[in-house]
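Each chain, written out:
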Amino acid sequence: MATQSHPIHFPAGSLGGQRHICAFFNSSDEEHRVLGSFIKEGFDKGDKAFHLVNPDQREDHLKRLVASGINVQKAMENGQLEVRHWQDAPLRGGRFDQDSWLDSFEKVLQSGPATGYAQTRFLAHMEWALVDLPGVEDLIEFETRVNYVVPKYEDIVICAYDLSKFSASVVMDALRTHPVVIIGGILQENPFFVPPDQFLLELREQRSVRKRAAAAN
Amino acid sequence: MATSHSVQFAGGTLGRQRHICAFFNSIDEEHRVLRPFFKDGFDRGEKATHIVDPDNRDEHLKRLAEAGIDVQRAMDTGQLELRPWRETYLRGDRFDQDAMVALIEQILQSGPPAGYALTRLVAHMEWALLDKPGVDDLVEYETRLNYVLPKYDDPVICTYDLSKFGATVAMDIMRTHPVVIIGGILQENPFFVPPDQFLLELREQRSVRKSAATAN
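First to last, the sequence lines map onto chains C and L. Counted from 1, the first sequence has number 96 at position 35 by our numbering; the numbering is strictly sequential. Counted from 1, the second sequence has number 190 at position 158 by our numbering; the numbering is strictly sequential.
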């Protein structure tokens with residue numbers, strides 16, 4: 062993978078205004094090799110960093126931030142770095158409620174300017190959707206709806222998917238719901254992106270097909 | 033090429049790159065998306081070689097018939113050739129990537145002498161999920177096909193059932209095909225990695241795994 066893992070940079074305007082990104086990785090090593098400089102640049106520029114992590118990986122995640130030269134202790138104390146656990150965010154209340162998390166997610170983006178940060182770099186580890194809790198099957202509907210929210214803000218939102226944990230079906234739908242994608246360490250505008258209006262329609266159709274099939278059996 | 037052997041389907045037109053992977057969630061979706069690709073080929077007198085899961089053979093033929101193809105006649109004349117996995121990918125009860133690259137090339141070369149200007153090759157790839165020696169070489173095989181297929185005009189579609197594969201394999205498959213069908217839409221693939229580079233990456237992955245295994 063090393064040949065592909067050039068650090069990702071986000072030169073101004075390079076994404077055509079599209080900043081809802083999904084990143085597919087095979088390991089934490091790869092994730093930090095690819096995103097390390099993106100995260101570091103954010104700290105250097107004085108951007109806010111909001112990281113949504115698996116509590117089991119919190120220590121490892123912070124250790125890797127330190128290794129990339131970030132003063133984690135200081136950044137957490139002054140609020141520049143906010144590390145939120147899944148159960149305090151999308152899985153609050155022991156379930157995934159996409160409406161309430163979409164709302165909270167937007168508030169996170171709005172809180173940046175209010176606290177003096179011009180931009181927030183939002184990084185979410187998405188394996189919470191594999192935890193056996195009610196509502197997690199709404200992941201893809203949530204992801205497509207995020208496309209109504211992110212374009213209203215200047216912030217960069219990266220949804221990181223561990224390929225070794227997800228099925229091909231979910232990952233292909235994740236691919237189709239993000240206008241920008243990182244695969245093999247390369248960031249690209251995504252020609253497979255489906256705008257949310259159209260994707261929601263498709264989800265509705267899938268559901269009614271399944272319902273008819275179930276009724277027929 | 034685009035003029036004489038133009039191939040249009042799934043909302044796109046094929047360019048020079050004709051090694052395509054197609055991701056589907058069901059056989060319904062597969063036939064809905066590929067129907068014009070099948071039908072146009074038969075109507076234009078082109079060869080169709082389909083490498084299918086033996087368990088899906090009857091279903092596959094039924095769907096071709098529903099698309100308005102005279103399957104019996106096409107098979108009698110040789111225009112449609114169905115090849116099971118055990119005589120192609122799994123010859124000798126194992127997957128031999130060298131032998132298979134050679135066989136694909138042989139299939140494409142046999143078109144013109146038999147009077148077919150173009151061969152439309154479609155292969156169901158779920159044989160790679162069977163417990164047979166060599167199936168781990170799937171991704172290396174797919175990238176190596178990129179050395180061979182550009183020599184021909186023939187479109188080659190590798191179909192992957194998303195409900196059966198893991199995400200890691202699916203992403204590597206995506207990175208080894210210059211053209212991809214996802215959600216029923218055909219696109220040139222910006223994530224495609226040329227074979228020289230991909231083979232290097234595979235070698236590095238292997239040496240990382242080997243050194244990790246030695247360290248344990």
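No lab work stands behind these hints, which were simulated from the structure alone. A few of these clues could be false.
[As the list claims (entries may be wrong)] Below, computed lysine-lysine pairings styled on DSS-like, alpha-carbon distance capped at 30 angstroms:
id: 1; chain 1: C; residue 1: Lys272; chain 2: L; residue 2: Lys94
id: 2; chain 1: L; residue 1: Lys242; chain 2: C; residue 2: Lys124
id: 3; chain 1: L; residue 1: Lys164; chain 2: C; residue 2: Lys226
id: 4; chain 1: L; residue 1: Lys196; chain 2: C; residue 2: Lys272
id: 5; chain 1: C; residue 1: Lys101; chain 2: C; residue 2: Lys226
[Claimed, not checked] Here are some chain C residues the structure puts well away from chain L; computed CB gaps all over 12 angstroms:
id: 6; residue: Lys101
id: 7; residue: Arg156
id: 8; residue: Arg237
id: 9; residue: Gly246
Backbone N, C-alpha and C fix where the C-beta goes; we use that ideal spot for every residue, glycine too.
Violations among the numbered hints, reported as their numbers in ascending order
Violated hints: 8, 9; rest satisfied.
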